[in-house]
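Spelled out from the first residue to the last, the chains are:
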Amino acid sequence: MNYNWNWGIFWQPAPDGTGVYLWWLVSGLGWTLSTALLAWGIALALGATVGTLRTTPLTWLVRLGNAYVELFRNVPLLVQMFLWYFVMPELLPRALGDAVKQMVPPWASFWPAVLCLGFYTSARVAEQVRAGIQSLPRGQRMAGTALGLSLPQTYRHVLLPQAFRIILPPLTSEFMNIIKNSAVALTIGLMELTARARSMQEFTFQVFEAFTAATLIYICITLIVVFGMRRLEKRVAVPGLIAAGGGPQAGH
Amino acid sequence: MFSGFDFDVIQRSLPFLFKEGMTFTLTLTAMAMTGGIVFGTLLAMMRLSSYRALNVPAAMYVNLMRAVPLVLVIFWFYFLVPWMGGWIIGAKEPIQVGAFWSSVITFTMFEAAYYAEIMRAGIQSIPRGQAWAGYALGLNYWQTMGTIVLPQAFRNMLPVLLTQTIILFQDTSLVYVLSIIDFLGAAARIAQRDARLVEMYLFVAVVYFLISYTLSWLVKRLQLRIAVIR
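Sequences listed follow chains A and B, in order. Just so you know, we're using the numbering used here here: the first sequence kicks off at 400 and counts up by one. Just so you know, we're using the numbering used here here: the second sequence kicks off at 7 and counts up by one.
Accuracy of the hints is not assured; some may be wrong.
[Claimed, not checked] Over the 12 Å line for every Cβ pair with chain A, so calculated as not near, a few chain B residues:
1. 14
2. 48
3. 58
4. 75
5. 107
6. 133
7. 142
8. 161
[As the list claims (entries may be wrong)] Reference excerpt, derived from the structure (chain B facing chain A, CB under 7 Å, subset only):
9. 82
10. 169
11. 203
12. 204
13. 218
To be clear, the hints were calculated from the coordinates, so they are not data collected in a lab. Just so we're clear, the structure is a prediction, and the values are computed from it rather than from any experiment. Every residue gets a Cβ at the ideal spot worked out from N, C-alpha and C, and that includes glycine.
Use the sequences and the hints to build the structure in full.
What follows is the structure, given as structure tokens:
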């Protein structure tokens, strides 16, 4: 039982004529990162909004926010991916749906993947933002009101700046999750890092080299993100507060 | 909007979806949960050990698993397990491992890393005096862990462990990448055969939502009931 190791495989030309196999992985990494970063923008914007609304005194807004979070948290990511890719164009108005279906290959799976990951992660970000705001002492909100600030002003100047500094560590892990979860987009044909490793394995039969390289790249991303975020956390830490991470959380 | 819907395709395929698909999904979830919690608890105990030979490998394993996407882990184990199996029993060729066992091993090993972090927090939440009291009574490590620390840690962490299991239940849909017939895989087959993607995928989403939502509602109630008043 012998496995033929061949680490030189990365420098051999790939069959599609775009360069060597290593370049496949690099371009895969590019797609992984651009998908994750764009989706992260959506997730932060939507998540911060929904999370904030869930802490307002307006009951119907809170309910709406809760429903949003439950909706995106209780359907598997892969199923959501299929909904965005296969089902969405059918449910749109005819002309728009046809336009979506006629997008050229990388974009046809790129945009659904970005939207899917963005909305999926926004529900998780919303949950963190809500927890962050609610972890602030009640007196903060009351002090804002006592100073004559309106509700939006209280949020803008008192609650949100503190909450965001507190929830930076859990947001870091959500950011890591969005990078890892972008691998699910290979099911709708996005040639991101995992998909590239997989197709490299199919073309060369060098299973373990291909997957080892992909794994190492993911580990490097993790190290860079964790290192960078730790420095950021130190800079923005609220003096006098013990780093609030809360209890352990389920996740993936 | 629903005018062109063919609800009949769902009804026609219900036996296949649930008898084959959902059975696979639930079996896989149950087995991976059991294996994952057992292995995860062992990993947590290793990680908290004062022996470097134990805590370093455990920490490396957990961090590695948490750094790579589940899809990549699924591929890894799908190809690695036959080679490992062949190497262990000394066979000449990589052994045949069915898709089912391959995914059970994958999800057990992957989720164990996540269960381990939960159990580590659980064990650390127990006051040290509890373990010391155990040693003072003359119990050894395994007795102290088994009868004093772990039962309390499990109780404290039960809601989080169950929430992780709901995530595991949703994650099992990713065996789709190995073309296995789980609940989603079964629906995808029908969807492609009958060209009824919209109906089937919406139905799958609704079923997953109902199950996960009900379970997380139950976990929330359990959390209130078992909360230890301190």
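Now for the hints, and whether the structure bears them out:
1. 14: Answer for residue 14/B: holds, closest chain A Cβ roughly 18 Å.
2. 48: Check passes; 17 Å lies beyond 12 Å.
3. 58: 21 Å, holds
4. 75: Residue 75/B not clear of chain A: closest Cβ-Cβ about 4 Å, inside 12 Å.
5. 107: About 18 Å separates residue 107/B from the closest Cβ of chain A, which puts it past 12 Å; holds.
6. 133: Nearest chain A Cβ is 16 Å from residue 133/B, so the label holds.
7. 142: At about 29 Å from chain A, residue 142/B clears the 12 Å cut-off, so the statement holds.
8. 161: 14 Å, holds
9. 82: Constraint on residue 82/B satisfied, holds at 5 Å.
10. 169: 4 Å, holds
11. 203: 4 Å, holds
12. 204: OK, holds: residue 204/B within 7 Å of chain A, min 5 Å.
13. 218: With Cβ-Cβ at 4 Å, under 7 Å, it holds.
Figure legend: structure checked against the earlier numbered hints; the only hint not met is number 4.
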